[in-house]
Amino acid sequence: MNQTNDNLALQAVSLTKIYGSGHTEVVAVRDATIEVKKGEIVALLGPSGGGKTTLLTMLGLIRLPNTGQIVINGTLVFDKHQAKVDVRRFRRQNLGFVFQKANLIPFLTAAENVRLAMEINDQTARSSRKRAMELLEYLGVAERAQNLPNLLSGGEQQRVAVARALANHPSVILADEPTAALDSARGRQVMELFRKVAHEQNAGVIVVTHDHRTLDLFDRILEMEDGRLKPHQKTTEIG
Amino acid sequence: MNLATKDIKHNLGRFSLTAIGIGLLLMIVMGMGGIYRGLIQEATLIVDRIGADLWIVQKNTRGPFAEMSRIPRDLQDRALAVPGVETSFGFISYTVQRSYKGKPLRLTLQGLDWPADRGRWLPIAAGRGLSQAHYEMVVDKTAGLQVADKVKLGKDIYTVVGLTQNMTSPSGDAMVFMTLTDVQAVQFDMSPESIRIERTARVNRLLSFNLGQIQPQLTEIAGGLSSQIPALGTSLISAVLIKVKHGYDIDAVQKQIEAWPDVSVYTYEGQKQLLLKGFVDRSRRQLGLFRALLLIISTIIMALILYTLTLDKVHDIAMLKLIGARNSVVLGLIMQQALLLGAIGFCIAYILGQQLFPYFPRRVILMRNDLYMLAMIVIVISVLSSLLGIYRAMRADPSEILS
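Going down the list, the sequences are from chains A and B.
Taking our numbering, the leading residue of the first sequence gets 92, the next gets one more, and so forth.
Taking our numbering, the leading residue of the second sequence gets 80, the next gets one more, and so forth.
One should not assume that every hint holds.
[What the hints assert, rightly or not] Straight-line C-alpha distance at most 25 Å; calculated BS3-like pairs for lysine-lysine:
#1 Lys221(A) with Lys88(B)
#2 Lys85(B) with Lys221(A)
#3 Lys138(B) with Lys180(B)
It should be emphasised that the hints constitute simulated quantities derived from the structure, not laboratory data.
Computed from a prediction, not measured in an experiment: that's the story for all the values here.
Between the sequences and the hints, there should be enough to build the whole structure, so can you do that?
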């Protein structure tokens with residue numbers, strides 16, 4: 092992959108992740124190739140232990156692949172065996188993460204949790220304060236801005252987590268079962284939110300999910316099984 | 080946004096209790112230093128206050144504080160004849176323990192060479208100084224006596240006419256200032272029966288000699304007051320204090336007196352060093368070791384506390400790393416809390432110490448330089464103790480968020 096497509100938020104080619112060695116060697120992800128366009132929301136389905144989360148952590152530069160290549164927003168970030176960028180800096184500038192649990196910092200208010208992501212990215216307190224409020228408003232939790240996470244409902248916490256993920260205008264948002272801890276109505280609301288974010292913020296969004304009731308919200312569905320990535324068997328194009 | 084203060088605010092109760100615990104530990108460390116300073120000041124207080132240039136004591140002794148020294152009182156007249164000597168005072172110092180109103184009362188009696196020395200140099204905090212040759216005393220407040228209290232010492236009753244402040248002996252007992260004659264009266268006090276036995280023994284000794292048989296009238300003198308027997312010589316004192324005339328070389332005067340075969344002479348500095356190196360040295364080393372141990376214990380306790388606090392935050396730290404926080408953000412969170420803990424602990428130690436130390440039986444002196452030094456040490460142990468927590472935080476893996 093020598094040429095990059097400006098319309099692509101993410102390109103990953105032949106990613107492989109192997110845990111352990113010798114008799115204990117486990118190939119968690121085998122030769123996975125994926126492309127996500129800007130403004131596209133992609134679902135990643137598959138049974139537990141199929142390698143979805145491992146793939147997501149590799150795309151998010153949390154765990155580096157053994158081999159393969161990753162290009163995010165036109166920047167080659169991983170090639171063959173090594174990272175080509177300062178991964179932590181790249182993460183804070185280009186990637187957004189949302190997980191099953193909101194993982195908000197418990198001693199910071201909702202607004203501060205969002206601001207933190209911007210302030211560690213060298214934004215001024217003033218501008219981060221303003222954008223945090225805008226994001227919380229956009230996601231419908233502005234009235235809870237000054238509340239600590241333990242005073243927020245699960246759905247509200249996830250919205251704040253989404254706001255934090257959006258804080259630095261990421262090219263790619265990676266979400267790992269973000270609705271697993273929510274009831275179906277709230278789960279759907281959050282998925283709708285991801286769709287809205289992908290389309291309005293022009294970010295590429297990959298969501299690992301088990302919730303088949305929300306699959307209609309995704310532009311594309313991929314499936315992972317035994318470490319291999321493939322198009323969803325029933326429908327590959329929904330939107 | 081300061082994460083350390085936000086976290087502290089969120090866990091204020093736990094942080095406050097921890098800071099109080101650290102503060103109490105540091106107060107003990109501070110107190111140890113203060114006790115050491117107090118020991119030094121108490122040890123050298125009398126030497127400093129008297130300010131004598133030379134101390135004449137019994138030959139080959141390190142009296143009068145380090146060990147007993149006995150010299151005849153007329154030595155002060157001999158010393159006065161030495162060229163360059165301006166004044167010469169007799170000095171006695173010894174400790175007595177009596178019972179007063181059912182409680183033990185330890186007093187270090189200091190004799191003032193009345194009338195030349197009326198104790199005008201004493202720091203009188205209440206009442207007045209001595210105004211007569213007998214039966215008056217000036218006592219340090221730590222004795223617990225009040226002006227007008229009456230204390231029986233020997234056969235006589237002495238009235239407290241004044242109180243001093245911070246005048247305690249090297250062993251921490253309250254100093255009592257009386258005339259030299261009164262102190263001698265207390266020092267050589269004997270029971271009537273002992274006096275009678277001593278007089279009879281003197282008469283018997285005289286009669287066993289030829290002189291007593293030739294001059295039997297001498298037995299009347301031998302059986303009388305010891306002060307009226309010329310052969311018994313003058314009374315004994317602990318030391319003679321010399322003030323050298325302006326313009327004279329103190330060392331030269333010292334050498335001249337030191338040539339006498341019956342005395343040793345110490346300068347002001349020499350006497351002070353005798354006290355510090357002999358009397359205080361062991362206590363100083365003991366306190367120093369305790370202090371070092373306490374600092375090590377404080378460091379270990381702080382390290383464990385900070386490690387535990389960090390363990391509680393490992394998940395949050397992993398999240399911080401995942402969203403791209405630099406190591407400095409994580410390091411700052413732990414280090415700032417450690418330094419705040421140390422700083423607040425130090426302030427608590429100081430404030431509590433100021434309130435509690437005056438009630439300690441021995442003086443506790445907090446000197447500014449010692450406090451600065453301790454503050455620096457607290458900074459160092461705060462940094463050291465945070466290292467364990469930082470090590471754990473640096474090992475936190477962003478992928479822990481997924482587990």
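Hint check results:
1. Lys221(A) with Lys88(B): Given pair Lys221(A), Lys88(B) holds - Cα atoms ~24 Å apart, limit 25 Å.
2. Lys85(B) with Lys221(A): holds (20 Å)
3. Lys138(B) with Lys180(B): This hinted pair is violated, its Cα atoms lying about 41 Å apart.
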